[in-house]
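Dock chain D against the given chain R, drawing on the hints supplied.
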Amino acid sequence: AQSVAQPEDQVNVAEGNPLTVKCTYSVSGNPYLFWYVQYPNRGLQFLLKYITGDNLVKGSYGFEAEFNKSQTSFHLKKPSALVSDSALYFCAVRDKSGGSYIPTFGRGTSLIVHP
Amino acid sequence: EAGVTQFPSHSVIEKGQTVTLRCDPISGHDNLYWYRRVMGKEIKFLLHFVKESKQDESGMPNNRFLAERTGGTYSTLKVQPAELEDSGVYFCASSQEWAAYNEQFFGPGTRLTVL
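Protein chains in written order, with the numbering used here: chain R, 1 to 115; chain D, 116 to 230.
Treat the hints as calculated values from the structure; they're not laboratory data.
All figures in this text were calculated on a predicted structure; none of them were measured in a lab.
Where hints are given, some of them may not hold.
As the list claims (entries may be wrong) - To give an idea of the interface, some chain R residues facing chain D are shown, with a C-beta separation under 8 Å as derived from the structure:
#, residue
1, Lys49
2, Tyr61
3, Phe63
4, Phe67
5, Ile102
We put the CB at the ideal spot given by N, CA and C, even for glycine.
Just chain R, with the same shape it has in the complex (with noise of 0.2 Å):
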């Protein structure tokens, strides 16, 4: 079975910082994973993906995620954080090994940036 955790509800940052929102997974074989964000009243848009070679992936926006397989996260960050970065964002799994190829979804993590 596979399962994603995004184990902060809520992450509050000063405009200008850097972010970084956690998702952690588990799969029995090697995973693709996913960020996608989510703004007010829009539908989920995707933000960047692993799939295989370097662990560092660079996505939309300015969006940066490290694939850490010992860890077994897959963080969101980025180096200077916008107002406009408030949003829900979505980690998501699914294992390259075969059993479902349905992506298998965290409960969602609030980033609000503060002017």
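Positioned in the frame of chain R, the structure of chain D alone reads:
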């Protein structure tokens, strides 16, 4: 390119009534997925269509839920009769290819409230 659209954006109904949600995927996307998010919880998979065929409906909660995709274009999700626990946000997503490493494109969701 038009994104995934969903109708209605909100629906408030009483327990025992029927509601039908509609999803129009991105043109040319054969794969269509339904998900549900109960407030504060994970986004849960409901089912997956490939064209007009149900590929996986393992996430459908019970037989009060009926999904269709006649002609392989838009899809409807009917809840009959609705129960209080059906409240939540129903998301539709689509993708061109059916591969575990592909991201999905999400609609804005339909917020269903059952009173």
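Outcome of the hint check:
1. Taking 8 Å as the C-beta cut-off, the interface hint given for Lys49 (chain R) holds, the closest approach to chain D being about 6 Å.
2. The interface hint given for Tyr61 (chain R) is violated, since its Cβ lies 15 Å from the closest Cβ of chain D, which is over the 8 Å cut-off.
3. Against a cut-off of 8 Å between C-beta atoms, the interface hint on Phe63 (chain R) is violated, since the closest Cβ of chain D lies about 14 Å away.
4. Annotation: interface hint on Phe67 (chain R) violated; nearest CB of chain D at approximately 13 Å, more than 8 Å.
5. At its closest, the beta carbon of Ile102 (chain R) sits 5 Å from a beta carbon of chain D; the interface hint therefore holds under the 8 Å criterion.
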